Amino acid sequence: MPPLRGGVSVDRSARPSAGPASATPARAPAPRIPRLISWPSAPGPRQVAARLCVTVLPICEIRVNSRPVKTVLYGHNIETTVTRRLIPVVLIGVVGGSAACRTPNVQSGPPIIQPGAPGQPSKVITAEKAVDLSQVQHTEADVQFMQGMIGHHSQALEMTELLSTRTNSDDMRKLAARIDASQADEIRMMQEWLKRRGQPLPDPHAHHHGGKLMPGMLTAEEMGRLAAARGPEFDRLFLELMIKHHEGALVMVKELFATAGAGQESEIFAFASDVDSDQRMEIDRMSGMLAKSKEFEP
Amino acid sequence: MRSVVAKGLLFAVLLASAVIVADAQHATNGNHNGSDPRSDPRVGLKPGLKDAGQAARNMELIANFPKPEGFFDPKEPAGVPSGPEEEPKDPKVPEKEPEEPKPGTPEARRAAGLNFANSDLAFSGNHLFVGNFNGFNIYDIKNPKKLKLVTSVVCPGGQGDLSVHGNILVMSVEQTRGRVDCGTQGVEAPVSPDRFRGVRVFDISDIKKPKQVAAVQTCRGSHTHTLVTNPKDTANIYVYGSGTGSVRAADELNGCSKADPKEDANTALFSIDVIQIPIAAPEKAKIVNRPRIFADPKTGDIAGLWRGGDHGPGTQKTSETNRCHDITVFPALGLAAGACSGNGILLDISDPVNPVRLDQVEDKSFAFWHSATFNNDGTKVIFTDEWGGGTRPRCRSTDQANWGANAIFDIVDKKLRFASYYKLPAPQTDTENCVAHNGSLIPVPGRDIMVQGWYQGGVSVFDFTDSTKPVEIAFFDRGPISATDLITGGHWSTYWYNGNIYGTEIARGVDVLRLKPSEYLTENELAAATELQEKVFNAQDQPMVEWPASSAVARAYLDQLTRNKAIQPDRAEAVKTAIEQADKRKKEAGPQLETVAGQLEGDAGSATGSDAARLKALAATLKGRASSLR
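Sequence order for the protein chains is A and B.
Position 249 of the first sequence, counted from 1, bears residue number 249 in my numbering, the numbering being contiguous throughout.
In short: position in the second sequence from 1, add 298, done, that's my numbering.
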């Protein structure tokens, strides 16, 4: 049975569950006998009442949403619908000192199976082992990837910032808006990822990571050249440098997956895969734009 | 003596009234008729993982079964929050986000806390198979109000999509942590023979102890898969594997290349994996083809479809078509609908190993073509758009109404013709991940009805008999898991199976729901749908349902004709009487049914559209009913 509230579990005879008790008249899994009560958190009045209900009082009814979900008689769960009809009878039983409805109905969850490789037998494992993700947590390489990618993305934003006063092309403006939106969103995501793991947030303008310029990052000289360019010349240079910049991100993803233990955690796997496919697509588009712009070259 | 008894009674009464009331919110079940979203009961529901407020109309939650131990993190049972959408902190980020929603893919599948997410569902007999990123669970559903957990299997790797066929269970694995031996420890080395990404095959002849018999490695892993049964080849089943992840290194799996097709004609991009599983020897499962279904027939360029990007000012940015996200096959017609990231495509699969593309469509509102569902006669197909990847809130009142929605297409001469969009009509909060997701048909004869999960947007049941005017007819929704954090949750898949709707809730377990008769759906229509009892159901291997010539089916058609005022009252009365007589096994019932069936056929001649079809279907059903009396 699910916990009542505040982590009080009234049923330890079966494997506990994560979900809601109260959403529905949670007559959820089969009725079971409350055996033990655990107190993961400080008990409140309701928990105390629930404890009294299942341990001390001969009979009581637990209601959720004003609908009865559990009736406990001498510490035993009994079906609520039946109970309604039975209560008068039971009361007489209590008065007469009779120990009615003591038939136990023990039912525990099945064991957790872990299959082997094809052809190998399956085995039974513990719940602790089943949820043990200790070896697929983020690694130092994952953290460095996220920290580095924030700086990397930030430079893309610096590049697009130059664009508005230097281009005459609507297509270029649209391209920049797209890069802006996607990279800004990803920066926020990466910052959240680091924060939740208690890792330091890098200065977004750090261009170096681990002492060397990250792949695809523009040098100060290249940024200067871009800032000095105007019109079609700017557009061409922007596309060339942004393609190089994005290709650098692909290298970073490749290096991440080539590092022992890295990219295993679900989130980093999904994120790095997205960076890879998105930047690859953006490179394709920019290559197309670049080829087109060269057609008009004198 | 007397006083003692009285005391005892009083004591017992006091104890009996020890009632503990938890303050869960009452389920809202209003009779609200207006379409004003502000007055929709789904707006403003109380947040909470276990005690969220609920709203339902024309359907009810009959039971919820929380995730069993081994399938949630005891430290964070709800899952890990993901980042907020607003208030950029970085100075480089523009103060105000452009109203134009952000591109589809970069944020796609930002899989926050998905390590233990519940995913897709499959059914066989009395068993429900629930996929999870950490493995799968099997329930006995003989009593839908009291599911019994039969088996828990741990075998991580995500997403854990499942299909079942006899004693064979097929599972998708895409992540780099996946291991051949189902271990939970991940794979340390970047290149390793222990890593598994692809399609697993289990023998479930001992349902309590599934055994892995094959593990077919693929270059991009298997994000989803589709079981393909072929009426002409019953010795094998086929699996279309759709890999969306990064392509692995060739030194881990021979022949894998992520190169541009111009550089390497054998690139793993721009294809799907066709896997053959011999039923008698599933251990011999193998890839038999990687068809280039996106090729340009004129130039032969394998990257022949949408190359990614937007469609002009104010349009959505659509992913590149270099893979399918999901494919739904319809073996009865030899057709398949592929939701292939940048396009919706229609395939001829009469030879399942060599699918041939018949048509393709683009859509200016779609970010990511995600999944497909045919109607029962294969004349319509619904494609979903998973804008935001399923982990972002995309049903807010500020989100564009046609983005992250369903697009309904008619199939005319094996070509796709756009008809309309359908999006969840109730706005959701910004801490609820919400977008169109997986669903199935509800087999009501004479109508096209679908039940669909919208993640934390809940469950929506809608009628698309008129493909240009989809109408919501029932819903169920909970408040957000958290009022302050976006925690990935909600309904991944909701499928009809033999009278009930089963839903996988990413964080809250399995829901069992039931439709209630309403102004949109009569008791007879529901009875006709419930009467159909399938032996197996895999949503992406879509069966063509054939309704029996039963009284329930006849009454369902009659209700529809009456609702549409497409039948004369006296004729309706005659039909009703004839069915009643048949149910009472009266001798005169046979001729009565035959007579009124003949009259209905005459009526059909002067009727049009779906009502003409219903009149004919009713006539045929009555004739069938008559012959069953003989």
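No lab work stands behind these hints, which were simulated from the structure alone.
Note that this is a predicted model, so its numbers are computed, not measured.
No residue lacks a Cβ here, since even glycine has one placed at the ideal position from N, Cα and C.
One thing to keep in mind: the hints can contain errors.
What the hints assert, rightly or not - No farther apart than 20 Å at their CA atoms in a straight line, the calculated lysine to aspartate or glutamate pairs in the EDC-like style are these:
#1 B/LYS444 - B/GLU374
#2 A/LYS292 - A/ASP171
#3 A/LYS123 - B/GLU358
#4 A/LYS123 - B/ASP501
#5 B/LYS560 - A/GLU247
#6 A/LYS292 - B/GLU486
#7 B/LYS833 - B/ASP504
#8 B/LYS506 - B/ASP438
#9 A/LYS254 - B/GLU486
#10 B/LYS373 - A/GLU247
#11 A/LYS195 - B/GLU374
Unchecked claim - Computed from the model, here is a short list of chain A residues facing chain B with C-beta under 10 Å:
#12 GLN135
#13 GLU140
#14 GLY198
#15 GLN199
#16 SER277
#17 LEU290
Cross-check of the supplied hints:
no.	hint	result
1	B/LYS444 - B/GLU374	26 Å, violated
2	A/LYS292 - A/ASP171	12 Å, holds
3	A/LYS123 - B/GLU358	39 Å, violated
4	A/LYS123 - B/ASP501	14 Å, holds
5	B/LYS560 - A/GLU247	17 Å, holds
6	A/LYS292 - B/GLU486	45 Å, violated
7	B/LYS833 - B/ASP504	18 Å, holds
8	B/LYS506 - B/ASP438	11 Å, holds
9	A/LYS254 - B/GLU486	16 Å, holds
10	B/LYS373 - A/GLU247	39 Å, violated
11	A/LYS195 - B/GLU374	17 Å, holds
12	GLN135	4 Å, holds
13	GLU140	13 Å, violated
14	GLY198	13 Å, violated
15	GLN199	14 Å, violated
16	SER277	6 Å, holds
17	LEU290	15 Å, violated
This entry does not satisfy hints 1, 3, 6, 10, 13, 14, 15 and 17, going by the numbered hints stated previously.
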